[in-house]
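Numbering (UniProt numbering), first residue to last: 1 to 292.
One should not assume that every hint holds.
Unchecked claim - Derived lysine-lysine pairs resembling DSBU-like cross-links, with alpha carbons at most 35 Å apart:
(1) Lys234 <-> Lys18
(2) Lys246 <-> Lys18
(3) Lys58 <-> Lys283
(4) Lys112 <-> Lys211
(5) Lys35 <-> Lys61
(6) Lys113 <-> Lys35
(7) Lys112 <-> Lys94
(8) Lys94 <-> Lys29
(9) Lys29 <-> Lys58
(10) Lys18 <-> Lys61
To be verified - With beta-carbon atoms standing in for the labels, derived distance ranges:
(11) Phe236 <-> Asp199: 25 to 35 Å
(12) Met60 <-> Ser181: 45 to 55 Å
(13) Glu25 <-> His249: 28 to 38 Å
(14) Glu109 <-> Arg229: 18 to 28 Å
(15) Lys283 <-> Glu109: 29 to 39 Å
(16) Lys35 <-> Lys211: 33 to 43 Å
(17) Glu273 <-> Gly124: 16 to 26 Å
(18) Gln232 <-> Gln269: 21 to 31 Å
Simulated from the structure, these hints should not be mistaken for lab results. Glycine included, every Cβ here is placed at the ideal spot set by N, Cα and C.
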Amino acid sequence: MIDLIEQFQTHFEERNFKQLTAIQEAVQKPLEEDKTVFGIAPTGSGKTLAFTWPLLPKVMKGQGTQILVLEPSQELALQTTRVMREWAALLGLKVHSATGGANLRRQTERLKKERPEVVVGTPGRILHLLDTRDLKLNNLATLVIDEADDLLRDDTQAVVEDIERATPLDTQLAFFSATQSTTLEQLDVLFGRDLVKIDVRAQDHSRGPVKHGLVVARTMSDKAVMLERLSQTKNFRALVFFTSIKTLHYTASRLRHDGISSATLGGRQRQTERETVMRQFRKHQVKLLLTT
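Required output: the full structure, derived from the provided sequences and hints.
This is the structure:
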């Protein structure tokens, strides 16, 4: 049964959505009831909407930042911002992103001027904005730690914990991840909360069947040739990961020379360049997206 507020229900049908995914259905009630939730579901199963739909209706318009979402990367933060903004607009709510690599002064000016009810950001930038008091969490109701398996490890975990300590004591916590880890098994101890763990990996079939394949290509030249051949396949698109910048640059140069539709995504690119590349890939304007 689909149980969404009227504005969301109408838009849900306009988008031709048929039903909630397993994670969306399972976390809805606990999130609505302000419980601390740990949701585990496969990549691509609709986790962003899983917390967007139950959390946004609880927000009070014009009362400052009430939802803070942490993401491990600039791209994911912008993607989440885009998704949440679509549904928040139906309620007259504002969603802003605050990520590293973007113009800091512009971000602080927008936060002060527009006082968004929802902020989506990367841990480093969010902590900086808290330290400078440009982001205030006095009215925060929910902290969402998305991609928790990435955020709660190495140096990033300490930053996330610092951010959580800056939130009001009664702030609702929501963790989402595609995988389990030793750290995630101890969330109740780490954050001192009783939590509702919801793992739908076994019953989630939203992505359909997944096939795995292996093609042996021993040299950089062989790999570039194989990518060229694959790109000739009808409707082919691929995200291509490299272990080194050197190999990535060689392959990108080779593909450009041979007229293959491709683009690169790197940490040293400006935010506007990265956004352009992601937009081109989403709109099927490039076949191959090369990245580390």
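Hint by hint, here is what the structure shows:
For the suggested pair Lys234 and Lys18, the alpha carbons sit about 28 Å apart, so the restraint of at most 35 Å is met. A hinted pair counts as satisfied when its Cα atoms are at most 35 Å apart, and Lys246 with Lys18 does not qualify at roughly 45 Å. For the given pair, Lys58 sits about 33 Å from Lys283 by alpha-carbon distance, which is consistent with the 35 Å threshold. The suggested pairing of Lys112 with Lys211 is violated, with an alpha-carbon distance near 48 Å, which exceeds 35 Å.
With a C-alpha separation of about 22 Å, the suggested pair Lys35 and Lys61 falls inside the 35 Å cut-off, and the hint holds. Note on Lys113 and Lys35: the hinted pairing holds, with a Cα-Cα distance of about 32 Å set against a maximum of 35 Å. Taken as a hint, the Lys112 and Lys94 pair is honoured in the structure, with Cα atoms around 13 Å apart against an allowance of 35 Å. In summary, the hint linking Lys94 to Lys29 is supported, as the alpha carbons are separated by about 24 Å, within the 35 Å threshold.
With a C-alpha separation of about 13 Å, the suggested pair Lys29 and Lys58 falls inside the 35 Å cut-off, and the hint holds. About 29 Å separates the Cα atoms of Lys18 and Lys61, which keeps this hinted pair within 35 Å; it holds. At about 33 Å, the CB distance of Phe236 to Asp199 agrees with the hint of 25 to 35 Å. Distance hint check for Met60 and Ser181: the Cβ-Cβ separation is about 35 Å, which falls outside the suggested range of 45 to 55 Å.
With their beta carbons about 45 Å apart, Glu25 and His249 fall outside the hinted range of 28 to 38 Å. The supplied range of 18 to 28 Å is broken by Glu109 and Arg229, whose beta-carbon atoms lie about 49 Å from each other. In this structure the supplied range 29 to 39 Å holds for Lys283 paired with Glu109, their Cβ-Cβ distance being about 30 Å. Between Lys35 and Lys211 the CB atoms are about 37 Å apart, so this pair conforms to the stated range of 33 to 43 Å.
A C-beta distance of roughly 20 Å is found between Glu273 and Gly124, which places it inside the suggested range of 16 to 26 Å. Look at Gln232 against Gln269: about 28 Å separates their beta carbons, and that is inside 21 to 31 Å.
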